[in-house]
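Colleague: Fit the two chains together into the complex; they arrive one by one in their own frames, and the hints show the way.
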Amino acid sequence: MTILTRRSLVTVGAGGLLLSGCDKLSYNPKMVSVLESAEGATERWQRLIGRNALAREFSEADMSPVFKANGSRSVDTDDYLAHSESDFVDWRLKVDGLVARPLSLSLAQLRAAPQRTQITRHDCVEGWSAIGKWTGPQLGHILKAAGVLPTARYAMFLCADNYGGEASKGGDQSAGLYYESIDMVDAFHPQTILAHTMNGETLSVPHGAPLRLRVERQLGYKHAKYVMGIRLVDSFKGFGAGKGGYWPDRGYEWFAGI
Amino acid sequence: MTTAIPMSETMAPPQRPLFYRHALLTRLTHWTNVLAVAVLLMSGLQIFNAHPGLYWGQYGADADVGKRWLEIGAIPGPDGAMAGKTRIGPLMFDTTGVLGVSNNGDGVSTAIGFPHWITLPSARDLATGRRWHFFFAWVLILNGLTYLVGGIVSGHLRKDIVPDLAELRPSNIAHDIVSHAKLQFPKGEDAKRYHILQKLAYSGVIVLLILMVLTGLTMSPSNDAAWHWLSEMFGGRQSARSIHFIAAWSIVAFVVVHVLMVLLAGPINQIRSMITGRFDLGDAA
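Chains A and B, in that order, give the protein sequences. Residue 1 is where the first sequence starts when you use the numbering used here, and the numbers rise one by one after that. Residue 1001 is where the second sequence starts when you use the numbering used here, and the numbers rise one by one after that.
It is worth saying that the hints were derived from the structure and are not from the lab. Please note that the accuracy of each hint is not assured.
Stated by the list, open to error - Mimicking DMTMM-like on lysine to aspartate or glutamate, the simulated pairs with C-alpha atoms at most 20 Å apart in a straight line are:
(1) Lys68/A / Asp1062/B
(2) Lys1187/B / Asp1160/B
(3) Lys68/A / Glu1071/B
(4) Lys1192/B / Asp1283/B
(5) Lys1067/B / Asp62/A
(6) Lys1182/B / Asp1062/B
(7) Lys1067/B / Glu60/A
(8) Lys24/A / Asp1106/B
(9) Lys1085/B / Glu1071/B
(10) Lys68/A / Asp183/A
(11) Lys144/A / Asp183/A
(12) Lys1187/B / Asp1176/B
(13) Lys1192/B / Asp1160/B
(14) Lys1159/B / Asp1176/B
(15) Lys1199/B / Asp1176/B
(16) Lys133/A / Asp1062/B
(17) Lys1159/B / Glu1189/B
(18) Lys24/A / Glu43/A
Chain B on its own, in the form it takes in the complex (with noise of 0.2 Å):
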């Protein structure tokens, strides 16, 4: 039997002292984010699923066809079949089976956007939906204030997770490139503070976590009447749900790479050390 894992992390406890990485309230806060963004996303997915089309501008509806740039669809295919299409832009996909149309959880094709396993709730049910993600959405922002407000009192944000303007050469970057290329992960010192991909990345996502807040405020029919700029700011309240649309996936392809990147460096190691704050640095080559 194989395993990915190597043998030093399972069977033989490092014998060098663990350098504690991350404080309590980054680990806090990224468990709690862990959980408010999934839950966000799928209940998100949820709202979309009503009105699977999205707009440029203040307005749009059913008739807007040329203010709208992805709609989710099904129409009937040439076996009278139902087929799902998937409109972004000129380009049309046949999306049948994931997009457009899908089986329900009892196998049943259905015209639907998003197919049930990633929505919350499974069933198409917008009312519960819309209850999961604006709870979640105070849970987000709450969280996400404690994270920054704590990141800069500390200096965490500025020590650890924003570049520094030595670290933009592009030089810099190109060296962190080829390193991860090669999957070089840093060991010994040099893996006592984040490189510049990673900089780039931790701060990028917290970007777009704002921009998640401020657009979805910016939907907000009540928000919108006490703070005007938001939707100036976005271009209209149809392009804030585009780019809160946009935001949410490029969130996802974070979280696939970030993921991606723990199971190449050590899952046992990185993960642990956001549970208990306690690194392995490893041999310094």
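Okay, chain A solo, but in the shape it has when bound (with noise of 0.2 Å):
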């Protein structure tokens, strides 16, 4: 009897070192960015074996009879409201940086433009899955009307919503406005929409409106809600903690194809 008691006090005085050695590892500089050479890896091999890839399609009968919303469901700020109410008929999406021909679009001339509908899957990084139907057009078509040029590395997506955090993700973030970025593979990638549609109705304020990107090949939080402005860059540099995105800013991956 001594020798158990003696011995689960052992173990569990040793799970209890082992467990504080794992936390102190996990927020150890070196560890974490020991950690985070496997986003590269992944990048590149899944870069290797489907660089071009189109993300699987589904039929009507495939979809979610409830789409879930996330994250930010809703924008407070007076120019978005202003803009809600109006049916955001005089809204206008910016499309500038590294581009010969800045632009800023109606929703009706990105209406107007040949436009893509797809039925993919949505893959959140808590894990739950939802299908959908997008419509909107290509976000290569509106680059190229802007004239990308060569200098430019990412397409910055500038969103009206000022986000404080999820509790399922890790509890109370610093807040900041959204943002995202993609590459110019998945920025051209055929299925890299800007939708204004979703389930044939037109986007809702809880999904997004008036504008969400859809990168089909990347975890949810890519799928900027409420685009206000395209932003082509060369760096991450200027834009929040310079990781990228606002998840990116806080510890996810940046490149979000697992």
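Modeller: Here it is in structure tokens:
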């Protein structure tokens, strides 16, 4: 009995030490950079096996009855509310940065461009999935109209929502304006669209009205909602904490293909 | 003072020469695998906690109750305190203290799927859990490929691990089950090879680890775009997530039995053989 008790004490003690050791390692900057090195390997692997691969598309029968709205579900700035009340008729999408011809596009112009409709699966970083139907112009079409300069490496999406974190993603993260970025491979991918229509209806406010990015080969948080502007850049410097997106600034992968 | 370890193992070193049982490659990949599986399990449960529900099919989220076969949650009990509930199909269990509601590291009752002591990191932190998971997923894959390629080239898999047809005879399996039940472990010449239950267990866990990698890849949206056949094979992304979870706990079950058998068969001899390669065959009966 004594031995058993002593052993179980030792076990609990060792377990506790191991746990706190793992936690210390988890937040040690050197360890973090070692662990983060896997992101580059994953990105290179996924580009190798399917640089231009298309995400699977589904039929209407496969669609989720309810498509969960996650992240910001509304925006409370005066500017956004005014646009929302007038159905975004005076709203303009700005395309600028490293482009030959900066654009300012109305929703009517975005709807008049060639459209793509796709029924795809949305995979949230939390683990759930939903299948929905999205319609909008291809981002590549818009970018060609703007004339992307050869120095541009990323398309940066500047959003209207000021987000303050998500309990399931680790508690109360610091608030900040939402933004995201993708590289030119994804920017010119045929399934990368600026969706103004979801499941056959005008995109609703909880899902990111008036415009939401669809970048189908990456996790949900890359699909920026409430997109107000697209800026072509050669680095992430000057945006948020410099990691290329709201969630990447808070520890998540910039390349969210996994 | 009593001790579980036989005197012969601690006091008197065996006089007979030790049998070289495990090749260096086997030993290195075994311990690398131990580390990778431990980290992947704990960080995987951290990831699971971000959405503690499992579904069958391609999609599945909060509203898809009909497709959800497992959920771990917290609901207010009659006394107002949160109660942990786990539902598997139609069966509902009160799992307060372990699943759904458990004490965090500071002793505060918290609504969370798996408890802090089994997740990596221990506090809720999906981003860091994912960092650990996807680094050690690479370790698992590269280590596993090294073992499999080495095992095929050397003949280790064919000779030692994969059961041959004759061994799969019911009478042979029954005989090995009886020996295990009686805790009669092979000695002498007979201990130089694995018997059928061990072969089935080791080839089974290799299959489970391959299944973990394939279902893991299925959940990756970029990998799914390149390799549609994977999610077709598993019946959809959420099915793959369910199989990933079931296979993970099957590996835990393997480890429990594996460690138990090591303890019963003579832990010092067994563990030494997986470190130095040298195994004491014991006196043939």
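Colleague: Among the hints numbered above, which are violated by the structure, and what are their numbers in rising order?
Modeller: 6, 10, 18
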